[in-house]
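Chains as they are written, first to last, in the working numbering: chain A, 78 to 410; chain B, -17 to 279; chain C, 7 to 359.
Derived from the structure by calculation, the hints contain no laboratory data. It cannot be assumed that every hint is accurate.
[Claimed, not checked] Here are the simulated lysine to any residue pairs, SDA-like style, with alpha carbons at most 25 Å apart:
#1 C:LYS113 / A:LEU403
#2 C:LYS88 / A:ASP228
#3 C:LYS131 / A:THR321
#4 C:LYS113 / A:LEU217
#5 C:LYS88 / A:TYR80
#6 C:LYS152 / A:LEU403
#7 C:LYS113 / A:PRO330
#8 C:LYS113 / A:SER401
#9 C:LYS113 / A:TYR400
#10 B:LYS106 / A:ARG79
#11 B:LYS106 / A:LEU403
#12 C:LYS88 / A:ARG320
#13 C:LYS113 / A:TYR80
#14 C:LYS113 / C:ARG80
#15 C:LYS113 / A:PHE333
#16 C:LYS197 / C:GLU149
These are the residues of each chain, in order.
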Amino acid sequence: MRYILQRIGQLVMVLLAVTAITFASVNVLGDPLTNILGPLASVDCTDVEAGLVEDISTRGGTSQGDCEVIALTRAEFNLDDPLPQRYVTWLGDIATGDFGTSFQNQLPVSTVIKNKLPVTLRLVGMGLFLSIMISIPWALLSAYRANRAFDNVSTVVSFGLLAVPNFAMGVILFYFFAVRWQIFPTRYDPSNAYSQIKSLVLPALTLALPLAATYQRLLRTDLITTLQEDFVHMARAKGLPSRTIMVRHALRPSMFSVLTVFGINTGALLGGTLVIEQIFSVPGMGGEIVTAIVRDDTPVVLGIVVIIVTAFVVVNLLVDLMYSILDPRVRRG
Amino acid sequence: MADDISTENTEVVLDEAELEIDDAVKKKLGVGFWIAIVWLVLVVGLAFLAPVLPIDGQNDVAAGGRLESPSMDHFFGTDAAGRDVFARTIWGARVSLSVGFIAILSGLFVGGPLGIIAGFFRGKVDAVISFIFLSLLSFPSLVLALLIVNSLDRSLKIVALVLGILAVAPIGRLARANTIVFAEREFVQASRVIGAKNGRIMVRELLPNVLIPMSALALLGMAVAIVAEGGLAFLGLSVKEGATWGKMILEGADPRTLRTGTHVSMSPIMVLFLTVLALNYAGDRVRSYFDVRETAF
Amino acid sequence: MAEPLLTVRDLSVRFPTTRGVVQAVNGVEFDLEEGQTIGIVGESGSGKSVTAKTLMNLLPRSAEIEGEVTFDGRDVREIAAKGEDHFWGVQMTMVFQDPMTSLNPVKRCGEQIAETLRYHLGHDKKKAISESIDLLERVGIPEPAKRERQYPHELSGGLRQRVVIAMALACQPRLLIADEPTTAVDVTVQKLLLDLLDDLRKERQMSMILITHDLGVARGRCDEVAVMYAGRIVERADSHTLFSDSRHPYTDALLRSIPRIEQPSHTRLDPIPGRPPELINPPVRCAYAPRCRFAQRNCLEEIPDVSGVVGMHSFACHYPANTERGEAALQSNLDRGETAGGLHLHAVAEGAS
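Could you put together the complete structure from these sequences and hints?
Shown next, in the form of structure tokens:
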């Protein structure tokens, strides 16, 4: 229990550090004001007040150039406060569920996230599900007859899969299944639930295949080690059938490496979805954050980063909990 | 079917018989390793010699038309703009490989020393550095890369350095783990006893030992960096000028191009795949050759 | 006399390894009657565990097995090849050396017993669990209902081995192979466990193969004892004969290396000099010759045949101990100060006198 609390503390610190870095970098590297008001935001109001530069608003110019507008905007977005203070304010807002407003289209960031997150979650969920459904039986079959024909072919296949970058995998699957054989749509089809799921099969598979290869390798190695344990010999001496021994006795104690990597991988996984969503034109968070970054839409970028890092933290906590479910010996400690 | 679960090897049973099993056989880099090295040398060599090779410039439009299938004139065919894909793949190798190389080098130069320092001094220094590593790892790496590349510029140097930042944490963690192991060994303890300065111990005693596992990781990491460049390309944020493998694959991934000119994307995919495979395999062999347990990627 | 329950004839097991072929078991033969116990005694590497694993079909596939094993008139290797259900666990089963590792750490103790009952006897979950609790009680585990719910790591080593025994006996097997069942537990618990096994065996008319490196463990608990060395059975006799009138110099040496109650305290025990032999490409000679106090020139040149027939006192030695021929050989070696195998005898000889 104390260990879990310690982990929570550590992960919350990570959450704070990552958001702080992101917050600082988007505010220092880009000027939010420019993005809200356009080029006229660069009018130097101290110069205007000093009479060095003509105040265009008095000549019926656009209100965007108006120093008052600039001042109002700065106040509205708290841009005059020092950076740390703005971070704390922002953090407080986040804590109360207020993610701010997009510079781009004046929509609340929470609405943007609410629109895009489910698609991405569904994609990641399907990808993980597929990767597990592929890797576990695959590893069981390989380890069952280790170093024999099936296992040797598996080693080559999984090594090959690991060398295919996700975008290349996406293009290959896209070519065969969407362009050539036209089994799946080339563009995301949001018309109904079935078409949505169907549109996500290829991107999910793209996500799943390299993961499945990783998990298969890890699980196979651990299974082979486990199969040499006395309790497996004991189970065979008890006369249990192989299938029962593999699934009921060997699998669970062999899951730890996979679980650890599963936790660490989450970050990379979410990164991977950005690219994959792009290839299959899935309207998820990936496209959203890329657009937001290119257009310096700070609140949206920050909001999505918060979601991603929170997901990372939560998954890693779940992994810690899973350890104790898988291994009763951890429960006491 | 025989109801029989295989045991990996006989050594387990024979262990009980207290037999010393010679593992000299396992301690070989193997033919595969050298094939991988030959491929890498070939790719690097071609990329290096691109300006003097009798190939088209990367933006030259070849005579003969667009989306032509591979032939003796154009080994990999031509792309949608009528450019020779083979030539562009070689030109692209220059950028992709440089990005991978610079990235992993900067990762080594920052992550390595940080990891050794953390592992050597432990305590508070270790806590701070480890926390930095953990934060870097938990950051969605591609988002970090996007943020920086977008705000600075999309030159080769910046893209490579950004990908280098991403390599810092895995390399650093590996260096730290190995330093902790080696710092306990007799020879390091011995130099402590004879009063060697900390800096000297780290450079003379620890660095050479930590370098071996790091070099294995560097090979794997270079593959990761090359792939990451491709990812950036797909998000429209890779190196601005010239061909890269990622950009070439992206250009060929357009449904229309895919239908009529599959070779435009598949050729660079094949070269990229073989290069990543070679790097992975070579790294893997080096790792098991030196019996490096910890992996960080 | 009825057919023996188990017959083993000319059993050989080889493992191909990177350095060469390991001849782990070589021409092993023995019979086991229903309800009887045979002890197999030997150092580690003598092939006793490999023999047990061969009987249980637990060897890796790379093992090359020759010879004939018959259980109740049926060819065991054929049963293994066909993957017959309800044979292992029901007809014969095994208890391993280390109770720490022979229980699955992530499954409750009761569940591990119950799954056997459910699979072989088709019990439903409830019945299997209640029967598991009965079994736990029978093997002398206090608070069996509570232990049933516990995980192996929550139990002491002795209790765990009792769980393993309960697990092995769940389906009333006719033959139990116990591979060093007490080596890994506290000395204080060893005798309790051995007595428990003895009781259960008698109660159920079960046959048992008791494998141990300790002749003291076999003493008084086995009807017959076979001593193994370098993959061969070098001497086999009924228990009384073996302990009182051993023939093979190795048995002789083993007997003198264990403490006996009737000896005065501080009697010096004789360790066996040298190391167990190589099993890869062994030279053609008696494997024990380099360590043998009786060794003569022909011991280094020919492998002694097994004398006697199965079921009688048999041994494989050119110069058996406790015979005139053997004593003469030993005496000539003592006179020379070394054996034909180059073993110096001074220290050993003094210890013996």
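Going through the hints against the structure:
Taken as a hint, the C:LYS113 and A:LEU403 pair is honoured in the structure, with Cα atoms around 10 Å apart against an allowance of 25 Å. With a C-alpha separation of about 23 Å, the suggested pairing of C:LYS88 with A:ASP228 holds against the 25 Å cut-off. For the given pair, C:LYS131 sits about 16 Å from A:THR321 by alpha-carbon distance, which is consistent with the 25 Å threshold. For the proposed pair C:LYS113 and A:LEU217, the alpha carbon gap of about 19 Å is at most 25 Å, so the pair holds.
In summary, the hint linking C:LYS88 to A:TYR80 is not supported, as the alpha carbons are separated by about 50 Å, beyond the 25 Å threshold. With a C-alpha separation of about 21 Å, the suggested pairing of C:LYS152 with A:LEU403 holds against the 25 Å cut-off. Using a Cα cut-off of 25 Å, the hinted pair C:LYS113 and A:PRO330 holds, with the two alpha carbons roughly 10 Å apart. Taking the CA atoms of C:LYS113 and A:SER401, the gap is about 13 Å. The hint holds against a cut of 25 Å.
Between C:LYS113 and A:TYR400, the direct Cα distance comes to roughly 14 Å. Compliance with the 25 Å bound is thereby established for this hinted pair. For the hint pairing B:LYS106 with A:ARG79, the CA-to-CA distance comes to about 21 Å; that is within 25 Å, so the pair holds. A hinted pair counts as satisfied when its Cα atoms are at most 25 Å apart, and B:LYS106 with A:LEU403 does not qualify at roughly 33 Å. A threshold of 25 Å between alpha carbons decides the hint, and for C:LYS88 with A:ARG320 the separation of about 16 Å falls inside it, so the pair holds.
Between C:LYS113 and A:TYR80, the direct Cα distance comes to roughly 23 Å. Compliance with the 25 Å bound is thereby established for this hinted pair. For the proposed pair C:LYS113 and C:ARG80, the alpha carbon gap of about 34 Å is over 25 Å, so the pair is violated. Between C:LYS113 and A:PHE333 the alpha-carbon distance is near 16 Å, which keeps this suggested pair within the 25 Å criterion. Restraint check for C:LYS197 and C:GLU149: the C-alpha separation of about 22 Å stays at or below 25 Å, so the hint holds.
Comparing the model with each numbered hint stated earlier shows that hints 5, 11 and 14 do not hold.
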